[in-house]
Structure formats: C-alpha cells, structure tokens
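Peer 1: Chains as they are written, first to last, in our numbering: chain D, 1 to 122; chain C, 123 to 509; chain L, 510 to 706.
Honestly, the hints are just simulated from the structure, not real lab data. Just so you know, not all the hints are guaranteed correct.
What the hints assert, rightly or not - Straight-line C-alpha distance at most 27 Å; calculated DSS-like pairs for lysine-lysine:
(1) L/Lys689 <-> D/Lys115
(2) D/Lys63 <-> C/Lys459
(3) L/Lys689 <-> C/Lys459
Claimed, not checked - Here are a few chain L residues that sit away from chain C, every Cβ distance over 10 Å (derived from the structure):
(4) Ala599
(5) Gln601
(6) Gly619
(7) Leu620
(8) Lys689
The beta-carbon is built from N, C-alpha and C at its ideal position, and this holds for glycine as well.
These are the residues of each chain, in order.
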Amino acid sequence: MLNPYIPVLILMAVAVAVAAGMSVATSLIARIFRLRRPNPIKSQPYECGMTPIGGARVRFSVKFYLVAMLFILFDVEAIFLYPWAVVHRHLGWLGLVEMGLFIGILAAGYLYLWKRGAFEWD
Amino acid sequence: MDGEEQSVVVELIIALVKIALVVAVIMVLVPFLVWGERKYVADVQVRIGPNRVGPFGLLQSLADGIKLMFKEDILPGHVDRVLYFLAPIVMMIPALCVMAVIPFGNQITLFGHTTRLVVTDLPVGILYVLALTSLGVYGVVLAGWASNNKYSLLGGLRSSAQMVSYELPMGLAIVAALMISSAKGGEMSLVSIVEAQKDGFWNWNFLWWGIGFLPFLMYWICGIAETNRAPFDLPEAETELVAGYHTEYSGMKFALFFLAEYANMLNVGAIATTLFCGGWHSPIPIEILPKSMGLLKALGPVFWFSVKVGFFIWAYYHLRATLPRLRYDRLMGFAWKGLVPLALVNILIVATIITLGYREKPVPPSTSQRPASQAVGMAGQPGPGGF
Amino acid sequence: MNVANLGFFLVAGLSIVSAGFVIFHPNPVRSALFLVVNFICLAILYLTLNAQLLAALQVIVYAGAIMVLFLFVIMLLNLGGERAREDALAGQKFAGGFLALVVLGALSVGLYQVVSAKETRPVTDAWRLEQMRFQAPPGKEGEVQIAQIGSELFRNYLYPFELTSVLLLVGLIGAVLLAKRRLPEQSQPEGQRRDRP
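Here chain D stands alone, though its shape is the one from the complex (with noise of 0.2 Å):
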C-alpha cells in the first residue's frame, strides 16, 4: 500500500511549482517584453506619493510580542487537548475531572491576565 504521506509531498512539491512557477513567469514576461523601466521615484517605498519619513524597519508595540507570547502558552495547552479528544470517551469521569483541573489551573491564569490587562488593547 502507498505510504499516505507520498501525495502529500507530491502535491506539497506541486504547490511549490505552480506558485515559484507563477512568480517567474511574471518575470520572464517582463524580460520577453522589457517592461521593467525602474526609475528611483518608482522604486521608493509607496507612502500616498509623500517622499517616505524615515525608514520602515520601526520599533512597534510590545503588545504584538504580548500576543504572541500567549499564543504559544494556549496552543500548548490546545495541543494536550487533541489526544484528550480522541481517547476521553474511554477514560470515563477520571478523564474529565484531569482536564476539568488541567484547564482550571489555566483559568485561573486567564482570570489573572484579564484583570491584569492583558487583552487590552490600549
């Protein structure tokens, strides 16, 4: 029997195809019929046609690194929950009372962070 996981890199590689194959055609075309006429006003970064105000690469909230941050906690506890999921219905009561004392202890946590603020965002 095929390995299931076979047409997943086969497709996997032909997504990688169509799209890099997308990507340089366009540049080909631009060769073929020489549209490429850069000029340095052209090429500046697009800022509504006002010359750009310092550069791009600015420091920005620590709000996003904030987000981020719990991203990572929740999904690992998201990840505890897929294998829960699938063999629950045979632990029986013991297996809710974990998981209800596993996502309580992480309640408790939430609870912490909405009232410290942290999913405001001001």
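Chains C and L: place on chain D using the hints.
Peer 2: The following block gives chains C and L in isolation, referenced to the frame of chain D:
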C-alpha cells in the same frame, strides 16, 4: 515487477491524477469566485458590477489575470529581494496543500480501479490541517517585513497577530468537533469524521445535542479571521493601511496573494463542511439513482460537497457585503475575551455529555434501518489509508 | 541504499545544513527562517519513524507558534544585519563553545551507549511508543498511536500532565509581567486612566 509493486505504482498514478485534479479545480475556480464576489457585492449595493468582458462579465477575472501578467514587474529598490520573492510562494503552499486531506466525494470506479475521492487520508488528518494553517502566518509576516514599507510592516504585524489569536479558538473548536465525532466513532482522519456523520442531516456534527452549533459557529468565525476576510479584514483596511502587507506587490506576485486568499476561503469552507456539516453526505439518505448508474452515483456526493462549500463561499460574500469592519482592539478582544473562554467551556460541556452518554460505547446504531453501504455508497468499507 | 534511505539522508542533510545557517547567517530574520526549515525537516524525520502525532505537533508548536514569536521579537528589537553581530555579553563565544563541547560529549556518550547495547530495550518513552507501532494494524498506525499516547498520558503520566498546567500558568504570569509592566502611568489617578478609550 511483482504484484505488490505494481499496485503501488497504480496507486501512485491515481494519486497524481487526483492531485492534478484538485490543483486544477482550485486554480480554475478562483477567477470565478472573484467574479462571483464582485457580482454579488455589486448586486447588494445596487450596482451592476463587471459586465463588459464576456457574457455577464464572466471573463473579467481572466482579463485581470492577463493584465497582471503583462504589468511592469516592479522590484522596488528598498525591499529584501529574496524574502520579497519568497513571501507569496510561502503564502500559496499551505493554501494549496490543505485540500490534500479533504474528502470531496465518496468513491469512484474508473477503468476498473476503485478509489476514494480524497487525495490522501492521513490518520492525523485534522492535525495536518492545523499544522498547515499555523504555517500560513509566515507568508504574511515575511511580505510585511521584506517590503520595507511602513504600511506593509504594520499590515503584516496586525494580520499575523490576528491570525495567531484566532488560530487558538479555531483549534479549540476543532477539539470539540473531534470529540463530537469521536462519540459517533470518528477519529482524527477526516474520512472517518465524514463517515461518522452518515445517514441524514440530523447526524451532522453541528446539530449534535444542540451544542454542536457552538463549535461550528466558532470555527466559521475563526476561519473568516484566518483568511483575513471582512469583517475581519483589518490587514487590508484600505482606509488606514493602503493594502496592508501586499502594498508593495504587483503583477503575478500580487495575484498569488489573491489566489492564496481565495484558496484559503475554499479550504475553510471545505473543512467546515467536513467537520460539521456531514462532508459529502446528502442531507437525506435516499437513493434516487439506480445502482447501474455507477459513475453518476459517484458524482452525487461531489455535488453535495460542492453545494455545502458553495454555501460557505456565499456566506463569505454576504458577510463582506453587509458587515462593517471591526476596530482592531475589538477584534483582538473578541478572540481573547470572547471566543477562547467560550471554546474552553464548550469543550467541558461536550466532554460532560459524552462522559454521561457515550462512555466506552461502540458506534451508536444508525437511525436509518437501511444498510449504510447502500444509503451512501461506501460507508461501511474499511478505513483510512486505502485507495 | 533504497529510496527510503535516500530520502532520510536528504532530509537529515537539509536539517543539518539549515541548522548551520541558523547559526552562521548574519541576518537574524533569515536565521529564524532557517530554523523553521530545520523544524520542518525534523517533523519529516519524525514521520519516517512513524511518529505522526509528534510530527504534527512539532510543526504546530515549534514552526507555527514559537518561531512566530521569535520573528516578532527580532522585528520588535529591529535587529539589523550589523547589530546582530555584536556580542551582547563578554566571553559569549567562549561560553558558547564550551557548552557546544559539553553537548557534543553528552550526545556521543548517549550514542555510544545505544550502539554498544547488546539488546535494544526501551530506554525512553519515545522508544516505547516506537515499539508500540508494531502492534498496530496496518494503515491505522496514526490513530492507534494517538490513542496510546493519550491513554499513557492521561492514566500513567497523570501527575506530570497536571504539573504541565502549572508550568504553563507560570509562563502566563511571566509573560504578562514582562510585557505589561506598569510604568509611570501607574502613578496617575485612577479616574484618569479609566477614562481613556
């Protein structure tokens, strides 16, 4: 070449055909989806919409595609060239690959080979979908970063923060879906999840005990946010961010972002269909066609699958046409303060119901007396992995 | 050498090369991206061991979540190509080299023990899971694995599992303490702060 090797080669060829089919259908469908959206939104806004190119403007997207191909290939001087080139490709790959595990029909017999209408049936199918979804954020971040433009960077950041925030409740909604389908004998493979919902719409997961509707709705909301569509299209809020992370993109590279967006819409619709709306099963388990019309019978499930996905696409259009864009703080607050706790509570409720009623029981008997294999074709056949 | 072996060496080679780039590439954003490539290679290697759940989790957690945070931090600090090369701590290179040697030593010892062992016996839990797969019916390995990992985790390893939630709790509190430190703003009267939208 012995028999074993030969059958592997045959399976490989069949897999290749299916892959080509899936990719071709997505690529051909997207222009029509774009046209359909423009037409529908125009209709809602009492405009005419595209009507010049071809009948009813049907060829408008084709014309746009040709235009994009022959546009000047602007490579802005300030970008990080490698990442700028890579970002649309990175965006496109997960969008195309998700379809690999989605069963879009039951099974079909052609030239003496019977095969399931799914590219491949992975035992961890739903986790494969989640893994690819979690990789989707890179295209956005890279595009925003590589463009070296303030609008792009801000759009990319906003978009990625939004995508990770909604990925969390999406994963939790999928946990609930997994539990509901495990109560019916389904597992992590999407084929088994679809088969657990056979014999009529009352067995579909979103109607399960009245609570299945909650994860279904949550998945759908998160799916809209994941695809950056209205009313969650903050990354492309043109009034403040021009075009967000793809401000500096033009030509075919821009088209790739567009393609990826619509392919992702199809993916979200297809996964919502598979997890919650019975996949390719028809709503009422009645056979209309006689057994002799094998090929046509095989296309019935494909029809139902398309209808359901089409409904979700229509819902995308309608939401875009009717809802205003959310404010960013509301958007993030909705995910973190609304959906996440709701999803966790929902999981515990579903778990309680299952512990009360479905503990260690085998697959519940189907509501219909008709043998399952007759009602929906192939439901009784052995499970995942087979072609 | 058959096709499967060739695939293994290709992916393993790619993972080593990408790991090298993670360390030696001057641009931190590229380094982070090579780390993503490395994680995906590791996931494929897990797949070749038939550890499907682990492979999926590797991509979801490491490539999909942790590396996004890394990218955010790199962009947040706005590390240019040049600034990244400066040593933040004195003697960092020496310490790094020393630690690398320690890790190499530990890995060699472990490898030697595995290779020299007369009989393969379950060393770690991962090893036990690897053995479990042979009991699974063909085509059902992934499902059985998940169920087995689940029942192991929620029956035999219950205590560590619950402790994980405490660990995550500490992580949550740490994250919010780092990112939401209340600066001079706190000295403002309570009413004024509330009034802001």
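Peer 1: Could you work out which earlier hints the structure fails to respect and list their numbers in ascending sequence?
Peer 2: none
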